[in-house]
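Spelled out, the chains give:
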Amino acid sequence: MKKSIKSKPPRQRLFVNARIIDPSQNMDQHGDVLVTRGRIEKIGKDLPRDNLHKSCKIIECRGLILAPGLVDSRVFIGEPGGEHRETIKTAGKAAASGGVTSLVMMPDTDPVIDDVALVEFVRQTALEKSKIRILPAAALSRGLRGEEMTEFGLLKDAGAVCFTDGRKTVENPQMMRRALTYSRDFDGLIMAATRDSSLGGGVMNAGFNATRMGLPGIPREAEIIPLERDMRLVGMTRGKYHASCLSTSDSVDVIKRAKDNKLNVSAGVAVANLALNETDIGSYRTFFKVSPPLRHEDDRQAMIEGIRTGAIDIICSNHDPQDVDTKRLPFAEAADGAIGLESLFAAALRLHHTDGIPLMRLLECLSTAPARRLSLPCGTLTQGAPADMILFDPDMPWIMEEDRLRSRSKNTAFEGARFQGRILKTIVAGRTVFSRDV
Amino acid sequence: MTKSAHSSLNDETKAPAFREKPFSLDHLIGIEGLQPSDITFLLDRADEMVGISRQIEKRRPTLSGRTLINLFFENSTRTQSSFEIAGKRLGMDVINMAVQTSSVKKGETLMDTAVTLNAMQPDLLVVRHNAAGAAELLAQKMGCSVINAGDGAHEHPTQALLDALTIRRSKGRIEGLTVAICGDIVHSRVARSNIHLLNAMGAQVRLIAPSTLIPGGIEELGTSTFHKMEDGLPGCDVVMMLRLQSERMSGAFIPSAREYYRYFGLTAERVALAKSDAIVMHPGPMNRGVEIASPIADGVQSVIVEQVEMGVAVRMAVMEALQLENPVDMA
Numbered sequence: 043m044k045k046s047i048k049s050k051p052p053r054q055r056l057f058v059n060a061r062i063i064d065p066s067q068n069m070d071q072h073g074d075v076l077v078t079r080g081r082i083e084k085i086g087k088d089l090p091r092d093n094l095h096k097s098c099k100i101i102e103c104r105g106l107i108l109a110p111g112l113v114d115s116r117v118f119i120g121e122p123g124g125e126h127r128e129t130i131k132t133a134g135k136a137a138a139s140g141g142v143t144s145l146v147m148m149p150d151t152d153p154v155i156d157d158v159a160l161v162e163f164v165r166q167t168a169l170e171k172s173k174i175r176i177l178p179a180a181a182l183s184r185g186l187r188g189e190e191m192t193e194f195g196l197l198k199d200a201g202a203v204c205f206t207d208g209r210k211t212v213e214n215p216q217m218m219r220r221a222l223t224y225s226r227d228f229d230g231l232i233m234a235a236t237r238d239s240s241l242g243g244g245v246m247n248a249g250f251n252a253t254r255m256g257l258p259g260i261p262r263e264a265e266i267i268p269l270e271r272d273m274r275l276v277g278m279t280r281g282k283y284h285a286s287c288l289s290t291s292d293s294v295d296v297i298k299r300a301k302d303n304k305l306n307v308s309a310g311v312a313v314a315n316l317a318l319n320e321t322d323i324g325s326y327r328t329f330f331k332v333s334p335p336l337r338h339e340d341d342r343q344a345m346i347e348g349i350r351t352g353a354i355d356i357i358c359s360n361h362d363p364q365d366v367d368t369k370r371l372p373f374a375e376a377a378d379g380a381i382g383l384e385s386l387f388a389a390a391l392r393l394h395h396t397d398g399i400p401l402m403r404l405l406e407c408l409s410t411a412p413a414r415r416l417s418l419p420c421g422t423l424t425q426g427a428p429a430d431m432i433l434f435d436p437d438m439p440w441i442m443e444e445d446r447l448r449s450r451s452k453n454t455a456f457e458g459a460r461f462q463g464r465i466l467k468t469i470v471a472g473r474t475v476f477s478r479d480v
Numbered sequence: 153m154t155k156s157a158h159s160s161l162n163d164e165t166k167a168p169a170f171r172e173k174p175f176s177l178d179h180l181i182g183i184e185g186l187q188p189s190d191i192t193f194l195l196d197r198a199d200e201m202v203g204i205s206r207q208i209e210k211r212r213p214t215l216s217g218r219t220l221i222n223l224f225f226e227n228s229t230r231t232q233s234s235f236e237i238a239g240k241r242l243g244m245d246v247i248n249m250a251v252q253t254s255s256v257k258k259g260e261t262l263m264d265t266a267v268t269l270n271a272m273q274p275d276l277l278v279v280r281h282n283a284a285g286a287a288e289l290l291a292q293k294m295g296c297s298v299i300n301a302g303d304g305a306h307e308h309p310t311q312a313l314l315d316a317l318t319i320r321r322s323k324g325r326i327e328g329l330t331v332a333i334c335g336d337i338v339h340s341r342v343a344r345s346n347i348h349l350l351n352a353m354g355a356q357v358r359l360i361a362p363s364t365l366i367p368g369g370i371e372e373l374g375t376s377t378f379h380k381m382e383d384g385l386p387g388c389d390v391v392m393m394l395r396l397q398s399e400r401m402s403g404a405f406i407p408s409a410r411e412y413y414r415y416f417g418l419t420a421e422r423v424a425l426a427k428s429d430a431i432v433m434h435p436g437p438m439n440r441g442v443e444i445a446s447p448i449a450d451g452v453q454s455v456i457v458e459q460v461e462m463g464v465a466v467r468m469a470v471m472e473a474l475q476l477e478n479p480v481d482m483a
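Chains as they are written, first to last, in my numbering: chain A, 43 to 480; chain B, 153 to 483.
FYI, nobody ran anything at the bench for these hints, they're computed from the structure. Each residue gets a CB set at the ideal place from its N, CA and C atoms; glycine is no exception. Any given hint could turn out to be false.
Partner residues are not named here, just some residues of chain A that face chain B (Cβ under 10 Å, in silico) [said to hold, decoys possible]:
{"id": "1", "residue": "GLY124"}
{"id": "2", "residue": "LYS131"}
{"id": "3", "residue": "LEU241"}
{"id": "4", "residue": "VAL245"}
{"id": "5", "residue": "ALA248"}
{"id": "6", "residue": "ASN251"}
{"id": "7", "residue": "GLY259"}
{"id": "8", "residue": "TYR326"}
{"id": "9", "residue": "LEU371"}
{"id": "10", "residue": "ALA374"}
Chain A residues, not near chain B, derived (Cβ > 12 Å throughout) [stated by the list, open to error]:
{"id": "11", "residue": "ASN59"}
{"id": "12", "residue": "THR253"}
{"id": "13", "residue": "LEU401"}
{"id": "14", "residue": "PRO436"}
Working from the sequences, and respecting the hints, build out all of it.
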């Protein structure tokens, strides 16, 4: 009975007695949700049960929160080419248990997802192997080399949801200018990493801690300079731009200024940069070596303020599976990256519990905002929308244990972390794809 | 408090569980975090070791039967010999392993080597590696004590201890002295270890270097920074020079060796700015005519040769302290 997303959605499901939070309608009310053929049909108090189809299951939500499923805008998967790190199937399982109902898969694979056949491959594999929606992002430049553009139009038609060079920053401003200009004709979204490879050649946040540990630092300017350059190019081309992961307080200011100038820009932040800071690295713990690097506590606070004020739009997991061979190395030689699909939601909830970010705003950053930015129909519970939902207990305490992880790689920065709030059910197109007995 | 209660309390504090350990560490990874009492303990013991080394019969049976492995991922003849001699003078069997490093596979080699060496049941492992944190990583995987002989730009604790011993023997104290550390601070593990040690022991540390060779945030360690030898040297009791790696001289950090020597080389005129009884130190090997002028390196104020001698004594003291924490045959 293991059904992938490809199979036909259940005919009818009724979720009763839930606290329904939908940021897309600013809705926070108690009631029921009726789902028919994978789409939201009706939301209301005490929906009538006499006209239900005979196969309809009624799901009692016990007053817990039902919200749109999470949309993760930045996920690295090893398939094709690095299946020992993560496959589309294992990423799908990990995502489902973390409440992620749609994820955007970065093109940094081997081969790079830079042509139509590979986009097709990812889409097909995802349809057959995964219970959640895995959406390919196509490379912005062929082979991620930053030299020639990929076929934006054909790739978009094949199902690519945005264009990005993944981990790589587009170094050549002319290339970025052309991509921003050309993508306008297809309403394409350019999603960019912003880390200058020469200035940002270090291995952790520059400053006292890097100095003390004898590690080369990544100055904040290594992110701010490419970001400011890109803002100029967006102003010049009027393209549609998303900075995928920011980490410094100045970056928040840059984005805010660009938005004030009516540029079509948005910004994301990895949950690690909201929940952790550079001191978590401790004694050279490589699971905390991520890109963008964990920054100073002041930067972390600024990112949280960015979420609160709306300067930052999207929270992503920046899920980047790495195996033992690339992580059990001296810090400077270890690969960047940590897995995050399974900790995204719980780690983000820390912002609600300890930093006073309203649940509505948090869910918006995790679901509605990324769905809108990527032009996906999900991230909302309006009538006719796909019934992609999560049911969660915002207060349930739990501890993250490495051997319980579903991801194929175990490089989590949250091993042993104490969390408050947990996903109990993940629903994609009306079907419960993950359920936790409590 | 009655007399009897008092005496019973005294008896209790004499019980083994309450006995003050002379030295409390399993490994020596860095100076950071060491207590001043630990440092003093090691220096006192090293002072005694100097005497042992100056006798004709140098070998002691203190650690006989135990195995010391010198694992060097970076070439260093002098440090490796110093550890080897120290180990042999304490009666240990010493094995030297120079691991050829290919640039990519270094890390794998490190972990694999750790597992392999661990299986050989060494009692002490001395490691030098070009990556910061490598000694820490090994210490987590090895069943024996690990001594860090330099890990990247992180720490080189025995160098700082031998420098401290040299200073103490020359000046009679460390507390209250003003020490200038000059040169390539940013890439120097010697500088970091020395800063931690000198701070812990109450000395004033000045750093003198071109701005490109001063790492960001270093002043948070409690040092003051100067960018001219003429500004930093007056009033110093100790002038500690650092080696400038040749690959740093080619334009990336400073334009050329001759420009460096012009502004930061230790010449007779500059030494004269420090206190008249100031000592000149260098961890070696020296670049004569780059960071230090030959007449100074060989001059009366130089204690560079004594540093090498203290190196053996300090390493003997460290090995003994780490091993006496793991007594095997107490009967």
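Evaluation of the provided hints:
The interface hint given for GLY124(A) is broken, as the beta carbon of that residue sits about 17 Å from the closest beta carbon of chain B, more than 10 Å. For LYS131(A), the shortest C-beta to C-beta distance to chain B is roughly 29 Å, which exceeds 10 Å, and the interface hint is violated. Hint status for LEU241(A) relative to chain B: violated, with the closest Cβ pair at about 13 Å, above 10 Å. Look at VAL245(A): its Cβ gets to within about 9 Å of chain B, closer than 10 Å, so that hint holds up.
About 6 Å separates the beta-carbon of ALA248(A) from the nearest beta-carbon of chain B, less than 10 Å, and the hint is met. Using the Cβ-Cβ criterion of 10 Å, the hint placing ASN251(A) at the interface with chain B is satisfied: the shortest such distance is roughly 8 Å. At a threshold of 10 Å, the smallest CB-CB gap from GLY259(A) to chain B is about 6 Å, leaving the interface hint in force. Look at TYR326(A): its Cβ gets to within about 3 Å of chain B, closer than 10 Å, so that hint holds up.
For the restraint placing LEU371(A) at the interface with chain B, the shortest Cβ-Cβ distance is roughly 3 Å, inside the 10 Å limit, so the hint holds. Checking ALA374(A) against chain B: minimum C-beta separation of about 5 Å stays under 10 Å; hint holds. Every CB of chain B lies more than 12 Å from the CB of ASN59(A), the least distance being 50 Å, so the non-interface label holds. At the 12 Å boundary, the C-beta of THR253(A) falls inside the reach of chain B, the nearest C-beta of that chain being 4 Å off.
The Cβ of LEU401(A) lies farther than 12 Å from every Cβ of chain B, with a closest approach of about 38 Å, so its non-interface assignment holds. Listed as a non-interface residue, PRO436(A) keeps its Cβ farther than 12 Å from every Cβ of chain B; the least gap is roughly 37 Å.
Comparing the model with each numbered hint stated earlier shows that hints 1, 2, 3, 12 do not hold.
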